[in-house]
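Asks: Read off the chains here:
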Amino acid sequence: MKDVNIKAMSISTMLTVVLIFLITIYTELNSGFKDALKAFAGHHWVAKGIIAFVFFIVAYYVLNHFVSKKEDVLENVELVLVFTVVCSVGIFLFYLYEFFI
Amino acid sequence: MPHPLIGIHAALGELGAIAFLWVFIELINPIPKRVKRAKVVASIAVILLFLSWFTGGYYYVNYYGTNVKPIIKEGPQPWAHSVFTETKEHVFLFIPFLALLNYFIIKKYEGTLIKDRKIRKAVMVLSLLITVLAFAMAGMGYMISTGARTALEAGAL
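For the record, the sequence lines run as chains A and B.
Each residue of the first sequence is one higher than the last, beginning at 1 in the numbering used here.
Each residue of the second sequence is one higher than the last, beginning at 102 in the numbering used here.
I should point out that these hints are in silico values taken from the structure, not numbers from a laboratory.
Take the hints with a grain of salt, since some may be wrong.
[Claimed, not checked] Among the chain A residues that face chain B by a calculated CB cut under 10 Å, a handful are: (1) 4; (2) 17; (3) 23; (4) 24; (5) 66; (6) 94; (7) 99.
[What the hints assert, rightly or not] Only pairs whose alpha carbons sit at most 16 Å apart, straight line, appear in this in silico EDC-like list of lysine to aspartate or glutamate: (8) B:140 / B:254; (9) B:137 / B:211; (10) B:174 / A:98; (11) B:219 / A:98; (12) B:208 / A:71; (13) B:208 / A:3; (14) B:209 / A:72; (15) B:219 / A:72; (16) B:222 / A:72; (17) A:69 / A:3; (18) B:219 / A:71; (19) B:222 / A:75; (20) B:134 / B:254; (21) A:38 / A:28; (22) B:222 / B:211; (23) A:38 / A:78; (24) B:209 / A:28; (25) B:222 / A:71; (26) A:70 / A:3; (27) B:209 / A:71; (28) A:7 / A:98; (29) A:7 / A:78; (30) B:222 / A:78; (31) B:219 / A:78; (32) B:174 / B:254; (33) A:7 / A:75.
Beta carbons are placed, not taken as given, at the ideal position from N, Cα and C, and that holds for glycine.
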C-alpha cells in the first residue's frame, strides 16, 4: 500500500462526497428513488452508505489507471476540503429550506 | 434512559475526532518519532470512525426511526429531526472517506513529512477538517437530544 496513488484517492474522495450529496438531495425529491434504495438495502441510509463505499473503491481503482502518479498532495487536499465544505453546507441548507420554506 | 448505542456511537466518534486533532498537533513540530506516532494514531482514528459509523447506523436504523423520530416530530422542535438529524446522517458519511485518505497520505509520505512542508500542511488541513466535522456531528447530536427532551417535557409521548 506504500504505492497508493494519492491523486486518484483524492479525486475518488471528492467524487464520493459529491455522489453522497446528489443522492441525498435526489432521495428527498424523488420518493420512487428512495423506495428503490429501501428495497436494495432495507433502509435508504444503509443503501447510501453501501453505494458510497463501493463507489469510492471502484473509482479509486479506475482512476489509478488513468491519473498520473505525479502528485500535488496539498492542491488535491485543498480541493477535497472545498468540495466537502460546499456539500456539507449544501445538505444543511437543503434541509433548512425543505423544512421552513 | 437513552439507548446505550448512542453513547457508544458518540464516544467512538469523538475519540476519532480527538485522535485526528492529536495527529494535527504531532505535525506542528515534527520529528521522526512524532510522525511515526501520528501514523499509528491516524490508523486508530480510522478504525474508531468506522466503528462510530456502524454503531450509529445500527442505532439509527433499528431504534431512532421508530422510537425517537416520531417523538421529536410531535414535539415543539420538529426541526431537530428534519434539519439536524437529516444533515447529520448524511454529512457523517463523508468522514470515513476523509479519514482513509488522510491515513494513506501519512502512510505513503511518512519518510518525507518532516522535510516536505506542503504534504505536512495537507495532512494537517485534512486532520482539522475531520476534527471540525466530527465535532459538528456532536453539536448536531446535542440539538437532536434537545429536540427529544423538549418533546417529552411537552408530553409528546
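Asks: Would you mind marking each hint as holding or not holding in the structure?
Replies: Verification of the hints:
1. 4: Hint on residue 4 of chain A: holds, closest Cβ of chain B at ~5 Å, below 10 Å.
2. 17: It holds, given that the least Cβ distance between residue 17 of chain A and chain B is near 5 Å, below 10 Å.
3. 23: holds, 9 Å
4. 24: This hint holds: residue 24 of chain A lies near chain B, its Cβ roughly 5 Å from the closest one there, short of 10 Å.
5. 66: It is violated, given that the least Cβ distance between residue 66 of chain A and chain B is near 18 Å, above 10 Å.
6. 94: holds, 9 Å
7. 99: holds, 4 Å
8. B:140 / B:254: This hinted pair is violated, its Cα atoms lying about 46 Å apart.
9. B:137 / B:211: holds, 7 Å
10. B:174 / A:98: holds, 15 Å
11. B:219 / A:98: violated, 41 Å
12. B:208 / A:71: With Cα atoms ~15 Å apart, residue 208 of chain B and residue 71 of chain A stay inside 16 Å; holds.
13. B:208 / A:3: This hinted pair holds, its Cα atoms lying about 10 Å apart.
14. B:209 / A:72: Distance of about 13 Å is within 16 Å: holds.
15. B:219 / A:72: holds, 9 Å
16. B:222 / A:72: Holds, at roughly 12 Å.
17. A:69 / A:3: holds, 9 Å
18. B:219 / A:71: Holds. Residue 219 of chain B to residue 71 of chain A sits at ~11 Å (cutoff 16 Å).
19. B:222 / A:75: holds, 10 Å
20. B:134 / B:254: Given that 16 Å is the threshold and the Cα spacing comes to 53 Å, the pair is violated.
21. A:38 / A:28: holds, 13 Å
22. B:222 / B:211: holds, 13 Å
23. A:38 / A:78: At roughly 35 Å apart (the allowed maximum being 16 Å), residue 78 of chain A and residue 38 of chain A break the hint.
24. B:209 / A:28: Judged against 16 Å, a Cα distance of about 39 Å means the pair is violated.
25. B:222 / A:71: holds, 14 Å
26. A:70 / A:3: holds, 12 Å
27. B:209 / A:71: Distance of about 12 Å is within 16 Å: holds.
28. A:7 / A:98: Violated, at roughly 36 Å.
29. A:7 / A:78: Holds: residue 7 of chain A and residue 78 of chain A sit about 12 Å apart, inside 16 Å.
30. B:222 / A:78: holds, 10 Å
31. B:219 / A:78: Measuring from Cα to Cα gives roughly 11 Å; hence the hint holds.
32. B:174 / B:254: holds, 14 Å
33. A:7 / A:75: holds, 9 Å
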